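Undergrad: One line per chain: the protein sequences are D, Y, A and X, in this order.
Note that the numbering used here numbers the first sequence so that position 82 is 939, with each residue one more than the last.
Note that the numbering used here numbers the second sequence so that position 65 is 922, with each residue one more than the last.
Note that the numbering used here numbers the third sequence so that position 284 is 1141, with each residue one more than the last.
Note that the numbering used here numbers the fourth sequence so that position 184 is 1041, with each residue one more than the last.
Incorrect hints may have been included.
It does not matter which identical chain is used: a pair holds within one copy or between any two.
Claimed, not checked - Below, simulated EDC-like cross-link-like pairs (lysine to aspartate or glutamate); rule was C-alpha separation at most 20 Å, straight line:
# : residue 1 : residue 2
1 : LYS1015   : GLU1079
2 : LYS1132   : ASP1064
3 : LYS1155   : GLU1078
4 : LYS1155   : ASP925
5 : LYS970    : ASP1111
To be clear, the hints were calculated from the coordinates, so they are not data collected in a lab.
For clarity, every value in this text was computed on a predicted model and none was experimentally measured.
So the chains spell out like this:
Number of protein chains: 4
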Amino acid sequence: MARAAVLGATGYLGGELLRLLAGHPELEVTHAVSKSQAGRPVADVLPNLAGQYEGLVFEADGSDVDADVAFLAQPAGEAMQVVPGLLERGIRAIDLGPDYRLPDPAQYARVYKHPHADPDHLAEAVYGLPEFCRSRVPGARLISNPGCYPTAANLAIKPLIDAGIVVRASGIVCDAKSGVSGAGRKPSLKTSFCEVTENFSAYSILDHRHVPEVLRVSRIEESEFSFTAQLLPLDRGILETIYFRATGIGSAEDLLAVYRKAYADEPFLRLYPAKQVPDLRAVTRTNFCDIGVHYDAKTGRAVVISAIDNLVKGAAGQAIQNMNLSLRFAETAGLL
Amino acid sequence: MARAAVLGATGYLGGELLRLLAGHPELEVTHAVSKSQAGRPVADVLPNLAGQYEGLVFEADGSDVDADVAFLAQPAGEAMQVVPGLLERGIRAIDLGPDYRLPDPAQYARVYKHPHADPDHLAEAVYGLPEFCRSRVPGARLISNPGCYPTAANLAIKPLIDAGIVVRASGIVCDAKSGVSGAGRKPSLKTSFCEVTENFSAYSILDHRHVPEVLRVSRIEESEFSFTAQLLPLDRGILETIYFRATGIGSAEDLLAVYRKAYADEPFLRLYPAKQVPDLRAVTRTNFCDIGVHYDAKTGRAVVISAIDNLVKGAAGQAIQNMNLSLRFAETAGLL
Amino acid sequence: MARAAVLGATGYLGGELLRLLAGHPELEVTHAVSKSQAGRPVADVLPNLAGQYEGLVFEADGSDVDADVAFLAQPAGEAMQVVPGLLERGIRAIDLGPDYRLPDPAQYARVYKHPHADPDHLAEAVYGLPEFCRSRVPGARLISNPGCYPTAANLAIKPLIDAGIVVRASGIVCDAKSGVSGAGRKPSLKTSFCEVTENFSAYSILDHRHVPEVLRVSRIEESEFSFTAQLLPLDRGILETIYFRATGIGSAEDLLAVYRKAYADEPFLRLYPAKQVPDLRAVTRTNFCDIGVHYDAKTGRAVVISAIDNLVKGAAGQAIQNMNLSLRFAETAGLL
Amino acid sequence: MARAAVLGATGYLGGELLRLLAGHPELEVTHAVSKSQAGRPVADVLPNLAGQYEGLVFEADGSDVDADVAFLAQPAGEAMQVVPGLLERGIRAIDLGPDYRLPDPAQYARVYKHPHADPDHLAEAVYGLPEFCRSRVPGARLISNPGCYPTAANLAIKPLIDAGIVVRASGIVCDAKSGVSGAGRKPSLKTSFCEVTENFSAYSILDHRHVPEVLRVSRIEESEFSFTAQLLPLDRGILETIYFRATGIGSAEDLLAVYRKAYADEPFLRLYPAKQVPDLRAVTRTNFCDIGVHYDAKTGRAVVISAIDNLVKGAAGQAIQNMNLSLRFAETAGLL
């Protein structure tokens, strides 16, 4: 069995990693690091895991863990403090946070409002969206796990751009909705139950930190892309409704064919028959990205819907998928 | 006191009419018609109204009610059966359903899949979105209350079109989300609790029955307008996120100024300072439509958010607003 | 118009006071005090009140407000700091917190873990459950508004004890469930959306701070009363399921008769026919307490259900009811 | 691999069986029977199972399935129509419905309002609560899976009765709360989203069909047991708050010791340290029953909380646990 360390193990991403890794056939979690819960048994803090991590106790300090791979599920700015040490000690690092997603340290500083502490490893980091970079993952020491919104967006948009069927002058609209777990476990008024239940609201309109990941991967310009993030009154799931004008296709079937070709052998992409719509229920607690298409041939208007679980394909599940590729396990191990 | 009849009084729209009319200073409900609950006291069926409608009992038949005004809150196709009789007996009719919203009976038949039973009164019906037709309401015998989605959409879009600031070639996207009460009270699997909670899904993509109301009022073409309806896991409220390219303005303030001018004296429109976002909580159980704007001057991308309560400004509240205008009461009577 | 000050105006209780008082015919809010939001217009912070409190700005300091009555909606321990000053300046005080609910300062200190700062006024405070103390309110300078759980409990239990139909040796069980707004607006992990949604949990089992209010008002012993508080995944409402053995009655009708006699002329008590059950929907956003009864004559087992809105009859509505009595307005003014 | 048939495969219980069995190491589902969805592929109807049941199509008729074991997840009254035929053909039957839970056909007829169609097999059926009947399961041809409420109740109550620590004259109160999935998938107004969200209500007070299962298993009298069922605004989970007077114990630890002894080697019982409370989150999507205890030594009042997932330990999970025992697989196979 390979040995894994999870840093930031009591946040929602860390807890989801532990939940998924409990059933992994090739890997065991040997270190769970949590500053706030150090010294407590895992099952005390995460009772749904009782019986699955006997003897594992949260540790305070992740700087000297010994493992084959480390999952970094910490707030922005923390992974870049520990990655150099991990790499030096020969531990593969998979960062679920944003520290290594943007290759340019100046852009990182603009978006995240603090300087990058480890610019030396930025170029080396592989942006781990396996559907587009599978061959680069196995050799990588450092994998940057994509953001949740960009995962759903790029899986829907990049094949369209690659196929050349988007009328780019008309722009692409991505209206995104996410469950509250995407905001993390730290209490705040915005994520308090009474503020969220029976409510719905937008945030970071035209200005979301995840947008650069979409522009970069799908190779589109900011002027072509309008993105709104919105908070759904539910725990987990992201659904993005994507609008564009299509050219060069004659039917919804043609639109679907673009995806069928792009994702012919993908284990985690599910394409819906034209006019059928994915919903969040179908992807919750799975590593699937479900895609459905609509097209009005008379006017060229197209709508694509992309749905994932933000904690799984949008974070912990994709991180495990990357780990599987990295350690040359079956790509779906622990995920199906 | 004027006398009102409510037909379809035990659906969600009818119940909301009764709730709001209980506090109206100028009008009392003298007839509540419900086939399914005929013979039962109102407070037995709608316990939240206990103490407010002593002695009022649901009636089975609305064809011979005696009142000054009748609110028709029935399923599509039923109002057109009773409107001719009401008008003949001198009773003003306010239809909350779709029967009189489209002026062309052929278009009605295409959209609603059955022929129109009362084409003679279609031309006479006033489309009651008071912000755009206030002067025509007082004299009208028949008022067609707008659909919930078109109310939020037209209040956001028509001022933009009138001001000429939309780059129409790029199209307008309206990504709409609604609470479940918009689907009515009749049980169905799609609106069952376990199917809706922790879920989110789209329906009627590029093909919603309400779209013709938007095209007609805001004077845009179908090819210019992409509309998606989506089901939020909550009871009431509609929020629409509207995307377009703007021309002829230099800032979000300029965009806001378009609305300030259009809605200078409107009692039920609330405009948010630029970059502030309306949410559903702020409009729930009110007759307000809240509008917020975002604009990126560098690229021309604009986003407008429009929020209403689908049962109030989207239905029962707007119907009372129309009734107030029709009977020359204060427009806000019973609504503030 | 009488003038009111609201202290703690941006918590959930304070916000509910403002919402309800906006429609009060005899009283206007002249001061809204909030340390955290001082200087901001009310409608900015509470957008659902936009248009209703033009010109009213939150103030930082409530110590020198000038008004006829002050509503104190602050955390435990704060009201007792300002009450002496208010009374000295001739302002009637209605405290929605726990500071003046227990007459013995030593008991207060045991329950709330800090000494009482104003023991001199404890004896003077009237415990404002109007159904049981109506005559004492008008002359009172200081009214202590009951806790939310005890309001629902005492309205259900006291008539039973007074009628002598409870087999006290078997004890009374009160299984109480509350919406999350009862926990206040301060963010915490326990009231975060992702912890509450799709969850249900108990707290303060056999040890809730509100129990002494029930024992005192209903005149029962701690050994006779088992109380559990539980958190419902919803915003507002309290429902209590109360179990006991009855003696001296022969039917559910006899049990109902106990309440009919006790509440013959009460404007805010609604009694359900035997075997019908109140639910939270029926009382939400109202000042009603709904009561329903079940009785098995064969075995003497009885179940009573009591439902209120924790923010209305359990807090702000009852405070207004007390204020109406205190200032000799109609008891239901602003509440029906 | 053993072969299983699932009858009633598109209800919530059937869907949960399919979800859980997809990961079972010893058994494959060879027949999925659903009248309403006959002819459709499983993954079309249950998209969350896409990729897991390739080629499996719903069948209309379960009367001639060929398998080693049949799970019957149908409405009350349907299993008893097919059980005789299954047994005749040598197929073990596990009934998730109520048809074989009560040994007396007259009692069945009284409770379920229709006569029993297969009284001959009632005596043979093993009531499959493995914690209390483990040895009887392996040889059984017909297993009656317990009701969801009785599972949580008996696991909490029977050890107390067996240990003789309940003051029976004071009675036992079981205040039960369930998620909406317990009501099944058939649409009804009571389980419509808008009726359930932000609501909470009781039903079947003192009169629930599941009570006889508790009386029989825990060996208590109806006069000693007060049971209320209540509907939580959430999808899945049952939490029961159980009140009684204890005798012969001195502390909460003593109370806990009763359970520790009863459940020393149970794989699916988790006991919480005294004063810690189980919640629904910890058991959701697991086959665990979590139990927590509270005791006030001064007065003898005791409270026990029991939590399960109604669809797992309360239905499909327990059915698989029984099947594992019946076919002599590891008891936890497919469940941990």
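Undergrad: Which of the numbered hints above does this structure break?
TA: Structure breaks hints 4 and 5.
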